[in-house]
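Asker: If you want the building blocks of each chain, they are given just below.
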Amino acid sequence: MNANTSTVAGTTDRPAAIAIDDLHKAFGANQVLKGIDLKVHTGEIFALLGSNGAGKTTTINICTGLLKPDRGRVAICGFDVARQADQVRRVISLTGQFAAVDDILTGRENLELIARLRSVTDPKAIATALLKRFDLEDAADRRASTYSGGMNRRLDIAMSLIGTPQVIFLDEPTTGLDPESRLEVWRSVEELAAGGTTILLTTQYLDEAERLANRIAILHQGVIIACGTMAELKELLPQPKIEYVEKQPSLEDIFLAITAKEAK
Amino acid sequence: MTALSEMLVLTGRSMKHILRSPDTIITVCIMPIAMMLMFVYIFGGAIKSALPAGTNYVTYQLPGILLITVASGVAYTALRVFTDRQKGIFSRLHTMPISRGAALWAHVITSIVSNLVSVLVVIAVALLIGFRSSAGPLAWLGIIGMVLLFTLAMTWLAVIPGLTAKSAETAGAFSYPLIFLPFLSSAFAPTDTMPWAVRVFAEYQPVTPIVNSIRALLTNQPVGSNLWVALAWLIGISIVTFCIAVRLYRKAV
Numbered sequence: 001m002n003a004n005t006s007t008v009a010g011t012t013d014r015p016a017a018i019a020i021d022d023l024h025k026a027f028g029a030n031q032v033l034k035g036i037d038l039k040v041h042t043g044e045i046f047a048l049l050g051s052n053g054a055g056k057t058t059t060i061n062i063c064t065g066l067l068k069p070d071r072g073r074v075a076i077c078g079f080d081v082a083r084q085a086d087q088v089r090r091v092i093s094l095t096g097q098f099a100a101v102d103d104i105l106t107g108r109e110n111l112e113l114i115a116r117l118r119s120v121t122d123p124k125a126i127a128t129a130l131l132k133r134f135d136l137e138d139a140a141d142r143r144a145s146t147y148s149g150g151m152n153r154r155l156d157i158a159m160s161l162i163g164t165p166q167v168i169f170l171d172e173p174t175t176g177l178d179p180e181s182r183l184e185v186w187r188s189v190e191e192l193a194a195g196g197t198t199i200l201l202t203t204q205y206l207d208e209a210e211r212l213a214n215r216i217a218i219l220h221q222g223v224i225i226a227c228g229t230m231a232e233l234k235e236l237l238p239q240p241k242i243e244y245v246e247k248q249p250s251l252e253d254i255f256l257a258i259t260a261k262e263a264k
Numbered sequence: 001m002t003a004l005s006e007m008l009v010l011t012g013r014s015m016k017h018i019l020r021s022p023d024t025i026i027t028v029c030i031m032p033i034a035m036m037l038m039f040v041y042i043f044g045g046a047i048k049s050a051l052p053a054g055t056n057y058v059t060y061q062l063p064g065i066l067l068i069t070v071a072s073g074v075a076y077t078a079l080r081v082f083t084d085r086q087k088g089i090f091s092r093l094h095t096m097p098i099s100r101g102a103a104l105w106a107h108v109i110t111s112i113v114s115n116l117v118s119v120l121v122v123i124a125v126a127l128l129i130g131f132r133s134s135a136g137p138l139a140w141l142g143i144i145g146m147v148l149l150f151t152l153a154m155t156w157l158a159v160i161p162g163l164t165a166k167s168a169e170t171a172g173a174f175s176y177p178l179i180f181l182p183f184l185s186s187a188f189a190p191t192d193t194m195p196w197a198v199r200v201f202a203e204y205q206p207v208t209p210i211v212n213s214i215r216a217l218l219t220n221q222p223v224g225s226n227l228w229v230a231l232a233w234l235i236g237i238s239i240v241t242f243c244i245a246v247r248l249y250r251k252a253v
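Protein chains in written order, with our numbering: chain A, 1 to 264; chain B, 1 to 253.
Bound-form chain A, shown alone:
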């Protein structure tokens, strides 16, 4: 419960790490994104919260240059994703919805592969350091197919850190993980942010956003229906409810309340 109390004071005058402007995307008749605007400041953990099919992965895919938007633009550290793809790829890293780990290679080999492709000076040393940092030393020389879900995710995130990207996209980093593994991944993400990396993560878990993020945006049916710090979001809850319920509202209450309001 430490992240949600931190403020974003002083971050507004810094350049946006991610600037999303009027993003539209349709797949056939299915209008997935209907005009998304977002600014993620340098060094913050920003959570994009939404149910399945809300358009979270589509947003990530457009931000990382994997998909072209129908309208609108995205800039990463000032570079336009559509026109300066090479510069963008140098500053970003993607950890997709499913751990993009080569099962047949060992953890160490997976890390060394990415290090070599990113032209890091000493791939072996980088791999060893990351294995230690993500607590994978014992499993380093075992094939990734033998790893647990949590270990796979940790390896996946470690692979994303090679080449020290400034902006990391984490698409549903804990979906499908058991509670124990979720905690492991949360610790990894918190550690990353402590190093000053900007993180945009998507999640369908309200407690995950509440625990990790400095700011949260709620994506619902292709539009951002709320955006702010946990404290700001709490103010959105209708006043009468606070009188009835004695406990502090959880993010879950807020989420369900405002999505229901939007549906009308």
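The set of hints was computed from the structure by calculation and includes no laboratory data.
Careful: at least some of the hints might be erroneous.
[What the hints assert, rightly or not] If we take Cβ atoms under 8 Å as the criterion, some of the chain B residues that face chain A in the derived model are:
#	residue
1	Val-9
2	Ser-91
3	Lys-166
4	Arg-199
Treat the numbers as computed from the prediction; the structure is a model and nothing was measured.
All residues carry an ideal CB built from backbone N, CA and C; glycine is no exception.
Given the structure of chain A, go ahead and fit chain B onto it with the hints provided.
Answerer: Just chain B, lined up with the frame of chain A:
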């Protein structure tokens, strides 16, 4: 890092896949070897009576068996491409500052190298059961070139289901009809003994000129127009499948 060295790093990675699961090469080799044994020792005696006297049937049927070897081998190429797409490895690589084509070409090179190894294993078994060739170095160069070109065409064809399949099972399914094609060709029996409709199909499908060319080269016979028809087919299939595969790859997330 240049595009070439990126491609080599990624080729090294997928070659590791093959070295660590040697069963893929064994599985790929066993089926054509079993077919070869069946044709040579079961049907061969009967088929030989329709062939000119003195024909070495092991040599006669080898080109068809080699094509079957490649046709079943590229099913694994499709599977490897499918796995990389499904696991998000292509997505990871596409968001990295590396050449976009490196990952795809790495799969193509891996496919060619591994299929060539399978072909050599099958040829070695054929030698054991009596395959003999009077081909000179130049003819062998032609045979290797033809097998390579066939592997290239089938590899690009395999990339297409690899990039579009919904499941691992369907990714490799395209290879079954390919394995079947040599049976409806001149690969195991002369086409003039076949009923009219089958014969027409056999004579105008690509396997027949390819088999006839390789067989002529193996037995020191004139290759004739078969060579040009075979090359036209192979280059044509390669270009069409390459264009489709590259377009699909650009869109693959």
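Asker: Now tell me if each hint is right for this structure.
Answerer: Outcome of the hint check:
no.	hint	in the structure
1	Val-9	holds (5 Å)
2	Ser-91	holds (5 Å)
3	Lys-166	violated (15 Å)
4	Arg-199	violated (46 Å)
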